[in-house]
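Enquirer: Chain residues, written in single-letter form:
There are 2 protein chains.
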Amino acid sequence: MRDPEEFNDWYVEIVEKAGLADKRYPIKGMNVWTGYGWKAMRLIDSFIREEFDGTQHQEVCFPLLIPETEFKKEEEHIKGFGSEVYWVTHAGENELDVRLLLRPTSETAMYPIFSLWVRSHADLPLKTYQIVNVFRYETKQTRAFIRMREIHFFESHTCHADFEDAEKQISENLEIMERLAKRLCLPYVMCKRPDWDKFAGAFYTIGFDSLMPTGRTLQMGSIHQYKENFSRPYEIKYEDENGEHQYVHQTTFGMSERILGALVSIHADEKGIILPPDIAPIQVIIVPIYSKEDKDTVNLCCDDLDSKFKEAGIRTHIDDRDLRPGNKFYDWELKGVPLRIEIGSRDIEKDMITAARRDTSERSQLKNNVAVDEVRKLLDNIHKDLHQKVNEEMGKNIHAIDKLSEVKDGINSIFWCGDEECGHQIEDTTGMALLGEPVDKNPSEDNCVVCGKSTDKIIYIARTY
Amino acid sequence: MRDPEEFNDWYVEIVEKAGLADKRYPIKGMNVWTGYGWKAMRLIDSFIREEFDGTQHQEVCFPLLIPETEFKKEEEHIKGFGSEVYWVTHAGENELDVRLLLRPTSETAMYPIFSLWVRSHADLPLKTYQIVNVFRYETKQTRAFIRMREIHFFESHTCHADFEDAEKQISENLEIMERLAKRLCLPYVMCKRPDWDKFAGAFYTIGFDSLMPTGRTLQMGSIHQYKENFSRPYEIKYEDENGEHQYVHQTTFGMSERILGALVSIHADEKGIILPPDIAPIQVIIVPIYSKEDKDTVNLCCDDLDSKFKEAGIRTHIDDRDLRPGNKFYDWELKGVPLRIEIGSRDIEKDMITAARRDTSERSQLKNNVAVDEVRKLLDNIHKDLHQKVNEEMGKNIHAIDKLSEVKDGINSIFWCGDEECGHQIEDTTGMALLGEPVDKNPSEDNCVVCGKSTDKIIYIARTY
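In the order they appear, the protein sequences are chains Z and X.
In terms of this note's numbering, the first sequence opens at residue 1177 and continues consecutively.
In terms of this note's numbering, the second sequence opens at residue 1177 and continues consecutively.
Hints are computed from structural coordinates only; laboratory data are not their basis.
Take the hints with a grain of salt, since some may be wrong.
You can't tell identical chains apart in this list, so a pair holds if it fits in one copy or across any two.
[Claimed, not checked] Simulated crosslink set (DMTMM-like; lysine to aspartate or glutamate; CA at most 25 Å straight-line):
| id | residue 1 | residue 2 |
| --- | --- | --- |
| 1 | Lys-1255 | Asp-1595 |
| 2 | Lys-1204 | Glu-1538 |
| 3 | Lys-1193 | Asp-1299 |
| 4 | Lys-1504 | Asp-1556 |
| 5 | Lys-1358 | Asp-1535 |
| 6 | Lys-1486 | Asp-1221 |
| 7 | Lys-1303 | Asp-1221 |
| 8 | Lys-1486 | Glu-1226 |
Bound conformation, chain Z alone (with noise of 0.2 Å):
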């Protein structure tokens, strides 16, 4: 495990040289977008899109600002974000007569549409997303992605007509998380808040987190049940079917630019970062090797191979400074691309080019009438083995333990009786908190490990951040 204060270092450096983002902006908390991570943002985003819309759910876009007075409807929420909001109190020369803030979370500014929208059982479930910026005035050391007041977010929202018909939702939510993980080559826990630790409002809630190289847990997204916690103060009913009206039941789906942070932190060697092949801006990038005499043949042929590349849908790029090509190799593996092709005269003779993979240095010869279908088959195995070794770290890194004084850097399983008591204690004695239960845990019994009474509950706990 990498000690804390040395990987933050590391990150803090390796988010600017890499060109991820740059944080001169002279707002603390606000980061500029650069191209570069603004592309592999806008890639992850692009797999959540499919994701929803190919679950039926309609992409909208509520307005930023939220009347103090809709905000202050639903109590548990108010208190929640009441303290790290930005409120807006001016228009031009004019004082406002409502105070407006800037949306912490949509929850207050899409329900009192909801009320509108949802009338009778035909109109649910009503399934919605939008991916925003958000605001919250974190007092926290802020850093790239992880922790920020000024969020790239990600929020589903859906009614339904029971608590039923919101769990299935939950469960598709879950699928999905699977899936997208699967793709972003993501590794997570999901664990089912302890009640203490819930989203401000909702009847429960499921958090993900992943596994940071200092032993920590980051957060990325969490699914929350609402159940009626919303619809009542914000009037959402509908008539069933018998002609009565009902509240409905709610469920959200939260998720952040804390995943681009994530994958950055698990994906890096002494190198740099290691991007996976679908979210790299640059997947593949070609470096031309020439002296002066076969310049021309040697970039031709990089064109050719570029094109070739771009029409098969892969992203490329030559780069074709005036640098030595050491010192462009340099800045590639830094940045993370995750496949080198190198191009030179002697490859041009043998119709070959040659491959390097980012993730495990190994090169190897491609014959260049083949290179497109090549070079596929290495991303995907580039892929592959990403996801299956960042998958087996976390594994490792979960550890059942019987005692709390066993605990360990990571992830502690322990079994636990449910009681607050027993669980403030448990993190009173560790320093950890409790991430909550497991979603897919296995059924077992044992003690609980603070009163020792018998019970079937896992609860996973770790530093976090």
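Once you've looked at the hints, dock chain X against the given chain Z.
Expert: Chain X alone, transformed into the frame defined by chain Z:
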């Protein structure tokens, strides 16, 4: 020409009925993008991205909030926007030391960072763009897509070594606009705005205006040459080949959701809107025509066809609601779906389907086994015909006149000496505004309509939104 008030009422109603936006959000001038409207907007965005990615612009994303101190660096700019910005003054319980404003446009967010990104001539040209939400505290009456307080906005920002290179960018932008307008079936004129009507801080401004059915023009976008007007206060300098420091020359290109507003206004008839196929969320609506007996057979045939269309990348939807076909026709005509396919038992027996064009109401029988190709052809024809029709309509309403007393509804083309006083007199006499000199006019000469001085300057005037 339509009566402005009648048109306004129609527009407000059609936007709502077609389900493009929901204006019941509890803040004036901030609407909810519904699934249908947002999809159309995102399709427009995708063509914009295609154009700017294809011309080596990098998509970036800058923070929404701008410190007051940065905003105030360029005097003209603050004069232009100062009265219409939203101010964030508090966060949580704290009053902020420096007030933050919601971007009305991003010059003052980007340029402090551009001064860090641009160091040497090798960093130029710097070509960036972003698609974001911007905020303007409009005091005039708001209207969906056309005059909003939260605006879905496109902005490109470029830096160049000198004025000439910046001028080349302006030319590229004009070409981009031409291609985009063709794709979107959007008629427009482009005019260099008179000096007193240019963008706050610009050296010159070219505006894109479309003609609305009322005879008034609507500005949909604008291109600006900034020269060194911003690079000096923001100190965006580079070292040239001789080791000397030079200020960059800058350009911007702005467009907004007004494009959708213009399209909805221009492509419409008494049945509703007519969406150009490329931006239609649903390009083909399939309506099954069945009785109780043949329902299953017909539905099966519809499903089969729907899959084939979707595989071919055509956006289709089957309307299987429990309604009469006539009611379904009515709904989808109102929402502007360019093509309707009807399938009944009689069609199935003949292995045919019936297609009905939204724009011409023309019906045709297509062989089922070549339906995909035939539908693609029909969509292409709809696109071409719509584009031609609205371009002709616009052309018919540009009137070359000799005397101010002859002004007609629409755009009037007159000769003007270029003198500001004569310009204001034109506006006062006609009640119209000067759009500016058309960018692509033919060279000719005549006398200024006001002072009679000989001139080769043509100017467009019109009532504007």
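Enquirer: Give a verdict on every hint.
Expert: Outcome of the hint check:
1. Proximity of Lys-1255 and Asp-1595 under a CA criterion of 25 Å is satisfied intra-copy only: 24 Å inside one chain copy versus 62 Å between copies.
2. Proximity of Lys-1204 and Glu-1538 under a CA criterion of 25 Å is satisfied in neither setting, with 41 Å inside one chain copy and 60 Å between copies.
3. With identical chains, the CA atoms of Lys-1193 and Asp-1299 are at most 25 Å apart between copies only, with a shortest distance of 17 Å across copies and 50 Å within one.
4. Proximity of Lys-1504 and Asp-1556 under a CA criterion of 25 Å is satisfied intra-copy only: 24 Å inside one chain copy versus 46 Å between copies.
5. In this homomeric assembly, Lys-1358 and Asp-1535 come within 25 Å of each other (Cα to Cα) only inside a single copy, at 17 Å, whereas the closest approach across copies is 45 Å.
6. In this assembly of identical chains, Lys-1486 and Asp-1221 lie within 25 Å of each other by CA distance both inside one copy and across copies; the values are 21 Å within and 22 Å between.
7. In this homomeric assembly, Lys-1303 and Asp-1221 come within 25 Å of each other (Cα to Cα) both inside a single copy, at 18 Å, and across copies, at 23 Å.
8. For the homomeric pair Lys-1486 and Glu-1226, the shortest alpha-carbon distances inside one copy (22 Å) and between copies (14 Å) are both at most 25 Å.
Consistency note: the structure conflicts with earlier hint 2 alone.
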